[in-house]
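Numbering follows the numbering used here, with no gaps: position 193 of the sequence shown is 196.
Simulated from the structure, these hints should not be mistaken for lab results.
Any given hint might turn out to be false.
[Stated by the list, open to error] Quick list of in silico lysine to any residue cross-link-like pairs, SDA-like style, CA-CA up to 20 Å:
#1 K100 with A281
#2 K298 with H210
#3 K298 with R25
#4 K100 with H210
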Amino acid sequence: MSTSPIPPDALLRRLEWTVIRRLDGLLHGDYRTYFRGSGLDLADLREYQFHDDVRHIDWNVTARLATPYVREFNEERDLTAWFLLDLSGSVHFGSEKAQKSGVARDLVAVLARVLTRHGNRVGAMLYTDRVDTVLVPRSGRRHVLHLMHAIEQCTASPPRSPEGTRLGDLLAAAQSALTRRVMVFVVSDFVSAPGWQRPLAALAQRHDVVAVRLYDPLEMALPDIGLMVVEDAETGEQVFVDTHDRGFRRRFAAIAERRERELRAALAAAGVDALELATVDDLADALMRFAELRKRRVQALSGKPLPAHLRAAS
Numbered sequence: 004m005s006t007s008p009i010p011p012d013a014l015l016r017r018l019e020w021t022v023i024r025r026l027d028g029l030l031h032g033d034y035r036t037y038f039r040g041s042g043l044d045l046a047d048l049r050e051y052q053f054h055d056d057v058r059h060i061d062w063n064v065t066a067r068l069a070t071p072y073v074r075e076f077n078e079e080r081d082l083t084a085w086f087l088l089d090l091s092g093s094v095h096f097g098s099e100k101a102q103k104s105g106v107a108r109d110l111v112a113v114l115a116r117v118l119t120r121h122g123n124r125v126g127a128m129l130y131t132d133r134v135d136t137v138l139v140p141r142s143g144r145r146h147v148l149h150l151m152h153a154i155e156q157c158t159a160s161p162p163r164s165p166e167g168t169r170l171g172d173l174l175a176a177a178q179s180a181l182t183r184r185v186m187v188f189v190v191s192d193f194v195s196a197p198g199w200q201r202p203l204a205a206l207a208q209r210h211d212v213v214a215v216r217l218y219d220p221l222e223m224a225l226p227d228i229g230l231m232v233v234e235d236a237e238t239g240e241q242v243f244v245d246t247h248d249r250g251f252r253r254r255f256a257a258i259a260e261r262r263e264r265e266l267r268a269a270l271a272a273a274g275v276d277a278l279e280l281a282t283v284d285d286l287a288d289a290l291m292r293f294a295e296l297r298k299r300r301v302q303a304l305s306g307k308p309l310p311a312h313l314r315a316a317s
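Full structure from sequences and hints, please.
So this is what it looks like as structure tokens:
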């Protein structure tokens with residue numbers, strides 16, 4: 004997850020060897036357990052039978068004919084996934100080898116390639132200080148490269164905005180544009196002006212939403228290195244701080260911890276799955292852990308018994 008400029012094709016080849024090959028063994032043949040398609044299309048109506056799911060009863064037809072009728076569906080097995088990618092100023096930060104924007108790029112490249120290898124389609128909305136780029140869903144490796152190139156263009160010069168990030172604008176735009184049920188990955192550090200929680204919850208009511216929260220360890224606790232300049236990545240404002248002051252470091256950590264609690268509570272209240280991804284994490288390991296947790300949740304919702312190793316981890 005290096006931040007050095009690597010051509011998209013070379014980067015994707017590297018990710019295919021280092022990450023995607025490791026994920027293939029986990030996801031191959033069972034990706035629908037983790038990522039569900041857009042749902043069911045109405046095919047026909049017929050009389051209710053004893054074994055039918057009562058949720059499929061068409062109550063309007065039943066009332067007119069005085070006989071229970073159920074709706075039959077054609078299953079749409081192909082998956083369409085959308086990436087809502089926050090590339091605002093605060094995402095261009097990293098205390099070690101990788102920036103949050105580089106982690107986001109690699110994550111999107113890996114997930115997009117895993118999905119398109121199975122014939123599914125991926126689209127994207129890229130946000131800088133506004134919804135900058137929209138890529139309509141397509142499949143294939145070439146489309147993944149096109150997506151990576153678009154990310155590279157958006158991250159070439161980090162945006163400055165006196166108003167800061169308005170993540171709600173991106174979520175509201177997606178809510179208007181995505182008319183059919185899809186899989187949605189919201190990739191952001193969630194450093195944003197207030198007001199994004201409601202559009203996220205509204206998006207999750209219609210779509211299967213995963214919030215990928217990016218962060219850097221230095222955002223949680225400051226090291227004791229004396230005087231340093233801290234710059235607001237959104238506005239460019241700079242201030243001097245004394246990290247040798249133990250009280251200052253303690254207050255900084257307390258504020259960070261409170262923000263963590265509030266963010267996790269907001270994501271839970273919105274009803275979305277959450278993947279926390281640090282700039283120092285191994286991407287493949289993080290995705291494999293998340294896949295196990297997601298499989299556990301899907302199986303719990305379906306009423307199927309969990310495998311023994313997942314019951315033990317519960």
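Consistency of the hints with the structure:
1. K100 with A281: Holds, at roughly 12 Å.
2. K298 with H210: 17 Å, holds
3. K298 with R25: 17 Å, holds
4. K100 with H210: 34 Å, violated
Comparing the model with each numbered hint stated earlier shows that hint 4 is the single one that does not hold.
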